[in-house]
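**Q** Sequence:
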Amino acid sequence: MNPHMLDIALPESSCLTLQEIPLEANASGAGQHANTSFEMIAENGQVVGYVKTWHEADGYAGYVRFDSEGNVQDWKVLRDRQ
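Quick note: to get my numbering, add 452 to the position in the sequence shown (first position is 1).
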């Protein structure tokens with residue numbers, strides 16, 4: 453996924469970083485490299501949420517941001533300019 457799109461997945465004014473969840477532990481399944489999951493990590497190293505992203509061949513992409521309990525906090529569908 454485009455790095456700019458990942459930037460908008462994080463809450464504004466946050467000091468959170470994203471750490472990719474390895475593919476074998478990723479619930480999106482094998483062979484779906486356009487789908488990626490991330491942990492949102494606070495400055496103290498605590499996992500405070502998750503981001504799941506996707507990017508389709510036709511340019512559609514998006515993300516869903518969850519809190520640490522799995523509740524949806526934000527989601528967006530975007531289209532890359534090609």
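Do not rely on the hints blindly, as some may be mistaken.
[Said to hold, decoys possible] Label pairs and their in silico Cβ distance ranges: (1) Arg-531 with Ala-494: 17 to 25 Å; (2) Glu-495 with Gln-525: 16 to 24 Å; (3) Gly-511 with Cys-467: 27 to 35 Å; (4) Pro-474 with Gln-498: 15 to 23 Å; (5) Arg-531 with Asn-496: 30 to 38 Å.
[What the hints assert, rightly or not] Computed list of lysine to any residue pairs in SDA-like fashion (alpha-carbon distance at most 20 Å, straight line): (6) Lys-504 with Leu-462; (7) Lys-504 with Ala-494; (8) Lys-504 with Glu-491; (9) Lys-504 with Trp-527; (10) Lys-504 with Asn-523; (11) Lys-504 with Ile-473; (12) Lys-504 with Ala-486; (13) Lys-528 with Tyr-512; (14) Lys-504 with Ser-466; (15) Lys-528 with Leu-462; (16) Lys-504 with Asp-526; (17) Lys-528 with Asn-496; (18) Lys-528 with Glu-508; (19) Lys-528 with Thr-469; (20) Lys-528 with Glu-495; (21) Lys-504 with Leu-468; (22) Lys-504 with Pro-474; (23) Lys-528 with Gly-497; (24) Lys-504 with Glu-521; (25) Lys-528 with Leu-468; (26) Lys-528 with Gln-498; (27) Lys-504 with Asp-459; (28) Lys-504 with Thr-488.
Derived from the structure by calculation, the hints contain no laboratory data.
Built from N, CA and C at the ideal position, the CB exists for glycine as well.
**Q** All the hints need checking, so say for each whether the structure fits it.
**A** These are the hints, each one checked on the structure:
no., hint, verdict
1, Arg-531 with Ala-494: 17 to 25 Å, "violated (31 Å)"
2, Glu-495 with Gln-525: 16 to 24 Å, "holds (19 Å)"
3, Gly-511 with Cys-467: 27 to 35 Å, "holds (31 Å)"
4, Pro-474 with Gln-498: 15 to 23 Å, "holds (19 Å)"
5, Arg-531 with Asn-496: 30 to 38 Å, "holds (36 Å)"
6, Lys-504 with Leu-462, "holds (11 Å)"
7, Lys-504 with Ala-494, "holds (17 Å)"
8, Lys-504 with Glu-491, "holds (9 Å)"
9, Lys-504 with Trp-527, "holds (9 Å)"
10, Lys-504 with Asn-523, "holds (13 Å)"
11, Lys-504 with Ile-473, "holds (10 Å)"
12, Lys-504 with Ala-486, "holds (11 Å)"
13, Lys-528 with Tyr-512, "holds (11 Å)"
14, Lys-504 with Ser-466, "holds (18 Å)"
15, Lys-528 with Leu-462, "holds (12 Å)"
16, Lys-504 with Asp-526, "holds (11 Å)"
17, Lys-528 with Asn-496, "violated (28 Å)"
18, Lys-528 with Glu-508, "holds (14 Å)"
19, Lys-528 with Thr-469, "holds (19 Å)"
20, Lys-528 with Glu-495, "violated (25 Å)"
21, Lys-504 with Leu-468, "holds (15 Å)"
22, Lys-504 with Pro-474, "holds (12 Å)"
23, Lys-528 with Gly-497, "violated (26 Å)"
24, Lys-504 with Glu-521, "holds (14 Å)"
25, Lys-528 with Leu-468, "holds (19 Å)"
26, Lys-528 with Gln-498, "violated (25 Å)"
27, Lys-504 with Asp-459, "holds (13 Å)"
28, Lys-504 with Thr-488, "holds (6 Å)"
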